[in-house]
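Read the sequence shown against our numbering and you will find it ends at 190, with the numbers running on by one and no gaps.
By construction, these hints were calculated from the structure, which means they are not laboratory data. Be aware that one or more of the hints could be misleading.
Using 25 angstroms as the maximum straight-line C-alpha spacing, the simulated SDA-like pairs for lysine to any residue come out as follows [unchecked claim]:
{"#": "1", "residue 1": "K119", "residue 2": "A72"}
{"#": "2", "residue 1": "K175", "residue 2": "K58"}
{"#": "3", "residue 1": "K175", "residue 2": "D93"}
{"#": "4", "residue 1": "K119", "residue 2": "P130"}
{"#": "5", "residue 1": "K119", "residue 2": "M108"}
{"#": "6", "residue 1": "K175", "residue 2": "P71"}
{"#": "7", "residue 1": "K119", "residue 2": "E131"}
{"#": "8", "residue 1": "K175", "residue 2": "R88"}
{"#": "9", "residue 1": "K58", "residue 2": "A101"}
{"#": "10", "residue 1": "K175", "residue 2": "L74"}
{"#": "11", "residue 1": "K119", "residue 2": "A80"}
{"#": "12", "residue 1": "K58", "residue 2": "E131"}
{"#": "13", "residue 1": "K175", "residue 2": "W76"}
{"#": "14", "residue 1": "K119", "residue 2": "A101"}
{"#": "15", "residue 1": "K119", "residue 2": "G82"}
{"#": "16", "residue 1": "K175", "residue 2": "A147"}
{"#": "17", "residue 1": "K58", "residue 2": "P130"}
{"#": "18", "residue 1": "K119", "residue 2": "I107"}
{"#": "19", "residue 1": "K175", "residue 2": "I107"}
{"#": "20", "residue 1": "K175", "residue 2": "D128"}
{"#": "21", "residue 1": "K58", "residue 2": "G137"}
{"#": "22", "residue 1": "K58", "residue 2": "T134"}
{"#": "23", "residue 1": "K119", "residue 2": "K58"}
{"#": "24", "residue 1": "K119", "residue 2": "H148"}
Remember, it's a predicted structure, so these values are computed and weren't measured experimentally.
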Amino acid sequence: MSKTEIIPYLIYRDVPAALDWLARAFGFSETLRVEMPDGGMHAEMALDGRRIMLGQIASAERRKSFGMASPLDVPEHTTSQGVFIYLQDVEAHRDRARTAGARITQDLADHGYGLTYSAKDPEGHDWYFTRLPQA
(Lines of atoms letter the chains of each structure in order from A and count residues from 1; the text may use other names and numbers.)
(Lines give C-alpha, C1' and ligand atoms only; values in the text may rest on other atoms or scores of the structure.)
Protein backbone atom coordinates (compact mmCIF):
# COMPACT_ATOMS: atom_id res chain seq x y z
CA MET A 1 0.00 0.00 0.00
CA SER A 2 1.48 3.31 -1.03
CA LYS A 3 -0.58 5.59 1.19
CA THR A 4 -2.24 5.54 4.56
CA GLU A 5 -6.00 5.94 4.71
CA ILE A 6 -8.07 6.40 7.85
CA ILE A 7 -11.69 5.32 7.42
CA PRO A 8 -14.40 5.92 10.03
CA TYR A 9 -16.39 2.77 10.86
CA LEU A 10 -19.87 3.45 12.21
CA ILE A 11 -22.29 0.94 13.70
CA TYR A 12 -25.98 1.26 12.83
CA ARG A 13 -29.00 -0.78 13.88
CA ASP A 14 -30.35 -0.44 10.34
CA VAL A 15 -27.62 -0.13 7.70
CA PRO A 16 -29.99 -0.07 4.68
CA ALA A 17 -31.87 2.89 6.20
CA ALA A 18 -28.56 4.61 7.02
CA LEU A 19 -27.31 4.14 3.45
CA ASP A 20 -30.44 5.79 2.09
CA TRP A 21 -30.40 8.63 4.60
CA LEU A 22 -26.68 9.40 4.28
CA ALA A 23 -27.09 9.59 0.49
CA ARG A 24 -30.07 11.95 0.69
CA ALA A 25 -28.86 14.15 3.54
CA PHE A 26 -25.09 14.28 3.17
CA GLY A 27 -24.50 13.31 -0.47
CA PHE A 28 -22.67 10.01 0.07
CA SER A 29 -22.78 7.31 -2.62
CA GLU A 30 -23.01 3.63 -1.76
CA THR A 31 -19.97 1.72 -3.04
CA LEU A 32 -20.30 -1.67 -1.32
CA ARG A 33 -22.97 -3.68 0.51
CA VAL A 34 -22.29 -7.15 1.93
CA GLU A 35 -24.99 -9.07 3.77
CA MET A 36 -23.61 -11.49 6.35
CA PRO A 37 -25.02 -15.00 6.87
CA ASP A 38 -26.00 -14.12 10.46
CA GLY A 39 -28.10 -11.14 9.34
CA GLY A 40 -25.41 -8.52 9.89
CA MET A 41 -24.17 -6.19 7.18
CA HIS A 42 -21.05 -4.33 6.09
CA ALA A 43 -21.32 -1.37 3.72
CA GLU A 44 -19.14 1.40 2.36
CA MET A 45 -19.98 4.85 1.05
CA ALA A 46 -17.94 7.65 -0.49
CA LEU A 47 -18.14 11.43 -0.68
CA ASP A 48 -15.71 13.18 -3.03
CA GLY A 49 -13.53 10.06 -3.04
CA ARG A 50 -13.38 9.74 0.75
CA ARG A 51 -14.84 6.62 2.34
CA ILE A 52 -16.80 5.65 5.41
CA MET A 53 -17.76 2.14 6.51
CA LEU A 54 -21.00 1.08 8.14
CA GLY A 55 -21.69 -2.07 10.11
CA GLN A 56 -24.84 -3.73 11.37
CA ILE A 57 -24.37 -6.38 14.04
CA ALA A 58 -27.11 -8.99 14.04
CA SER A 59 -27.12 -10.40 17.56
CA ALA A 60 -26.70 -9.07 21.09
CA GLU A 61 -23.98 -11.67 21.69
CA ARG A 62 -22.03 -10.50 18.64
CA ARG A 63 -22.49 -6.82 19.62
CA LYS A 64 -21.02 -7.58 23.05
CA SER A 65 -17.96 -9.33 21.62
CA PHE A 66 -17.51 -6.71 18.87
CA GLY A 67 -17.38 -3.85 21.37
CA MET A 68 -19.10 -1.21 19.23
CA ALA A 69 -22.71 -0.06 19.10
CA SER A 70 -25.10 2.37 17.52
CA PRO A 71 -25.63 5.46 19.70
CA LEU A 72 -29.23 4.20 19.99
CA ASP A 73 -27.87 1.28 22.03
CA VAL A 74 -25.80 3.43 24.40
CA PRO A 75 -27.20 5.03 27.58
CA GLU A 76 -28.49 8.53 26.84
CA HIS A 77 -27.50 7.97 23.18
CA THR A 78 -24.05 9.44 23.82
CA THR A 79 -21.12 9.18 21.45
CA SER A 80 -17.39 9.39 22.01
CA GLN A 81 -16.42 10.49 18.51
CA GLY A 82 -17.69 12.22 15.41
CA VAL A 83 -16.91 12.32 11.72
CA PHE A 84 -15.27 15.58 10.55
CA ILE A 85 -15.43 16.38 6.83
CA TYR A 86 -14.01 19.32 4.87
CA LEU A 87 -16.20 20.58 2.01
CA GLN A 88 -16.10 23.32 -0.61
CA ASP A 89 -19.71 24.52 -0.20
CA VAL A 90 -20.66 23.97 3.42
CA GLU A 91 -23.68 26.29 3.20
CA ALA A 92 -25.34 24.29 0.41
CA HIS A 93 -24.46 21.06 2.22
CA ARG A 94 -26.13 22.29 5.42
CA ASP A 95 -29.24 23.26 3.44
CA ARG A 96 -29.38 19.80 1.84
CA ALA A 97 -28.96 18.09 5.20
CA ARG A 98 -31.67 20.21 6.81
CA THR A 99 -34.09 19.52 3.94
CA ALA A 100 -33.48 15.77 4.37
CA GLY A 101 -34.33 16.00 8.06
CA ALA A 102 -30.91 16.11 9.68
CA ARG A 103 -30.97 17.43 13.22
CA ILE A 104 -28.64 20.43 13.00
CA THR A 105 -26.96 20.60 16.40
CA GLN A 106 -24.92 23.69 15.63
CA ASP A 107 -25.66 26.02 12.75
CA LEU A 108 -22.94 27.57 10.62
CA ALA A 109 -20.30 29.35 12.67
CA ASP A 110 -16.65 30.24 12.17
CA HIS A 111 -14.49 28.82 14.94
CA GLY A 112 -11.17 29.98 13.50
CA TYR A 113 -10.54 26.71 11.68
CA GLY A 114 -13.28 27.17 9.11
CA LEU A 115 -16.99 27.74 8.70
CA THR A 116 -18.62 24.72 10.37
CA TYR A 117 -21.98 23.17 11.12
CA SER A 118 -22.74 19.98 12.99
CA ALA A 119 -25.59 17.49 12.73
CA LYS A 120 -26.79 14.17 14.06
CA ASP A 121 -28.00 11.38 11.83
CA PRO A 122 -31.16 9.41 12.74
CA GLU A 123 -29.21 6.98 14.95
CA GLY A 124 -27.33 9.75 16.76
CA HIS A 125 -23.88 9.74 15.16
CA ASP A 126 -22.24 13.18 15.24
CA TRP A 127 -21.16 14.74 11.94
CA TYR A 128 -19.14 17.96 11.46
CA PHE A 129 -18.86 19.69 8.10
CA THR A 130 -16.36 22.50 7.59
CA ARG A 131 -15.07 24.73 4.85
CA LEU A 132 -11.37 25.33 5.22
CA PRO A 133 -10.41 28.96 5.81
CA GLN A 134 -8.99 30.60 2.71
CA ALA A 135 -5.21 30.49 2.72
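Hint by hint, which ones does this structure get wrong, listed from lowest number up? 2, 3, 11, 12, 14, 15, 17, 22, 23 and 24
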